[in-house]
Amino acid sequence: MAKAVIPIGPYHPLQEEPEHFLLTVEGEKVVDVEVHIGYNHRGIEKLAEHKSWQQVTFLVARICGICSTSHPIAYCNAVENLCRVEIPERAKYIRTLVGELERIHSHLLWLGLAGHFLGYNTVWMWVWKWREPVLDIFEALTGNRNHYDMLLPGGVRRDLNEEYFPWVRKELGELKKNLEMLSKAILDDPVIISRLKGIGVLTPEDVKNYGAVGPTARASGVKIDVRKDDPYAAYDLIQWEVATCENGDLLDKVVVRILEIFESIKMVEECMDALEKVKGEVMATIKEVPPGEGIGRHEAPRGETFHYVRSDGGSSPIRHKVRAPTYVNLPTCKATLPGSQLADAIIILASIDPCYCCTERVAVVSDKKKEYLTQEDLIKLSWEKTEKLRRKYGK
Amino acid sequence: MGWREKILKRSLWVYHLATGPCNNCDIEILDLLTPRHDVERFGIKLVGSVRHADVLLVTGIVNRKCVPRVLRIYEQMPAPKLVIAVGACPMGGCVFKGSYNQAGPLDKIIPVDLYIPGCPPKPEAIIAGIAKLLEKLK
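Those protein sequence lines, which keep their order, are chains H and R. Taken in order, the first sequence gives residues 13 to 407; the numbers are from my numbering. Taken in order, the second sequence gives residues 422 to 559; the numbers are from my numbering.
Chain R extracted, bound-state conformation:
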């Protein structure tokens, strides 16, 4: 384990990227910040710019208009990069599978470290997923 990973696991800064979702995973991600779940107590924080982020949280089916933006945002992100796919959509498309506007799944476009399935996953599931990612870093 390099020094970068050692520092990284103390506090994850997360950037949220919506690529054609139905809003539900996005609300559950915001819900994580509010008093009942409050992920800031684990040092997890939502940041406004991808240049400050350690983790890219991707929701949605990755539609054709979003692909260049996803690639550009991924390039702007400082290394080490971690990518989490939240919800069923970035994995296989959920009910939107077969749509003419679907360019996904996400792992065809950028490498993905963690999948959190569900439509939408419960906030507890998202916390559990991120905890597993921290275990993996150790």
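Bound-form chain H, shown alone:
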């Protein structure tokens, strides 16, 4: 059968972010996929080299609007790793609380969008309606619905107002009830089950080969979670479990995220109990950043976020490297997408909860002979490309 290429994007009604997919199809079957990104690139790593250690926290918060506390946690972990600073216990609990509230809001957001991608807009409207109380909690506790900007290297900027805690408990209790009802409604629906069960299966071998992280890996039964494997903040001070599923299909990716929301609600409640007992400072002073290197990790809603900073003892980092979870999760669509139906392509692409804003970094890959590309090399490459295009279009 003849092959055809279907372009999706960069501006497509189904996508909230600009990205470009080229799906090669044989009839209704997808045989290959190509992903073009770069519409969201903002040059954050380079900008970080011109900002002070404190300012970079607010820059990395704006890498992504959905995980706007994950990147600061990872960055602060990196700076604290570099300075060998231990943050106060109260700050640890506040970081955990904000991080877990963000996981709740992010997974609810994805659940709604997944319903939208399936053409089931009722789920979208329902879930986003119940996401609003979580944003209200954020507004009351941190001062903003999104972009909370709570962190600084050394601790947190603001203490939480404990007067709100009883109201937060009530709102989360209602969210839990609504979510139980919703999860039963979703998982009993024969249409949703037949759209999701056994589709886009990612095997544990694929997870290891592609290096997938986060809920994408945990849905396939691979139990990796930075919060358990390399605890930071208060994750080793509270009781919680890593949620995993076994099959690795789309249904399990939904189930694992719903389980994580319940686990996160439990963790937020534990953090509030602890904050009522643990009092004191929320900020440790960092007088100067010594020369050296530091790494920081955080389990963002989508998987492991990794930050690397290098210092020469000055007022800003001389190198800042960000690796977001989508960067490693996105290539798994090469394993899950070929062989599937065209109608399932969008939900399979969306099943990793992609965030292109997080992903868009510039990377130079060596061509085995040379380790780095100099300015002359780049000019030569650009010249060759222009020449190729000229030959192709005959101008």
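Please note that a few of the clues may not be correct.
[What the hints assert, rightly or not] Covered stretches of chain R, going by a simulated chain H footprint (3 or more residues, C-beta under 8 Å):
(1) 443-451
(2) 454-464
(3) 482-490
(4) 515-528
(5) 533-544
[To be verified] Computed far set for chain H versus chain R, every beta-carbon distance over 10 Å:
(6) ILE20
(7) LYS41
(8) VAL47
(9) CYS95
(10) ASN173
(11) LYS189
(12) ILE236
(13) GLU275
(14) SER352
(15) THR386
(16) TRP395
Read the hints as simulated data drawn from the structure, not as lab findings. These numbers were taken from a predicted model, which means no experiment stands behind them. Here a beta-carbon is modelled for each residue, glycine too, at the ideal position from N, C-alpha and C.
Place chain R on chain H using the hints.
Just chain R, lined up with the frame of chain H:
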């Protein structure tokens, strides 16, 4: 006021264009459609193609890769055209000001009718902005 503007102000159809945002304004725009804010009660609707749209809602710093696409989408839009810049990024770049990939601000590239500042603006602010735009049309 011509007949076109008279018809336009009854129901605005909006096309959302992301040009290198951090996703946050985009989520707040989607949030407008969901039950708490529900802008469809004012006749405002998000459409899939710019050829059906009255309003272009632009978010993001307008990076170099997006500029040709922004111009092309603006040309495809039927007149009368209204352009709204949502968030701090299309106005001055927010924290990304000075980035090597920033081609904005947006008003250097296409004419802008309304600015809604904020990082991100609250959904209420976006509704208030669009209400002001409707006032301007009257």
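Has the region 533-544 of chain R got at least three residues whose CB is nearer than 8 Å to a CB belonging to chain H? Per the Cβ count (3), the hint holds.
Does H/TRP395 clear chain R by more than 10 Å, comparing its Cβ with all Cβ atoms of that chain? At about 19 Å from chain R, H/TRP395 clears the 10 Å cut-off, so the statement holds.
Given as non-interface: H/ILE20, which should sit over 10 Å from chain R by C-beta: Given that every Cβ of chain R is farther than 10 Å from that of H/ILE20, nearest at about 13 Å, it holds.
At 10 Å, judged by beta carbons, does H/THR386 keep clear of chain R as stated? holds (18 Å)
Three-residue Cβ test at 8 Å for the coverage of the region 443-451 of chain R by chain H: holds (count 8)
For H/VAL47, which was marked as not at the interface, is the minimum beta-carbon distance to chain R over 10 Å? Holds: least Cβ distance 15 Å, greater than 10 Å.
Consistency of the no-contact label for H/CYS95, given chain R and a CB cut of 10 Å: holds (23 Å)
Evaluate the condition: distance from the CB of H/LYS189 to the nearest CB of chain R exceeds 10 Å. holds (18 Å)
Hey, does H/ASN173 actually stay past 10 Å from chain R on C-beta? Non-interface label on H/ASN173 holds, nearest chain R Cβ at 20 Å vs cutoff 10 Å.
Cβ separation check - H/ILE236 to all of chain R, threshold 10 Å: holds (25 Å)
Please check whether the region 454-464 of chain R has three or more residues whose CB lies within less than 8 Å of a CB on chain H. holds (count 3)
Beyond 10 Å from every chain R Cβ: check whether that's true for H/GLU275. holds (23 Å)
Every hint, counting from the list given before, is met by this structure.
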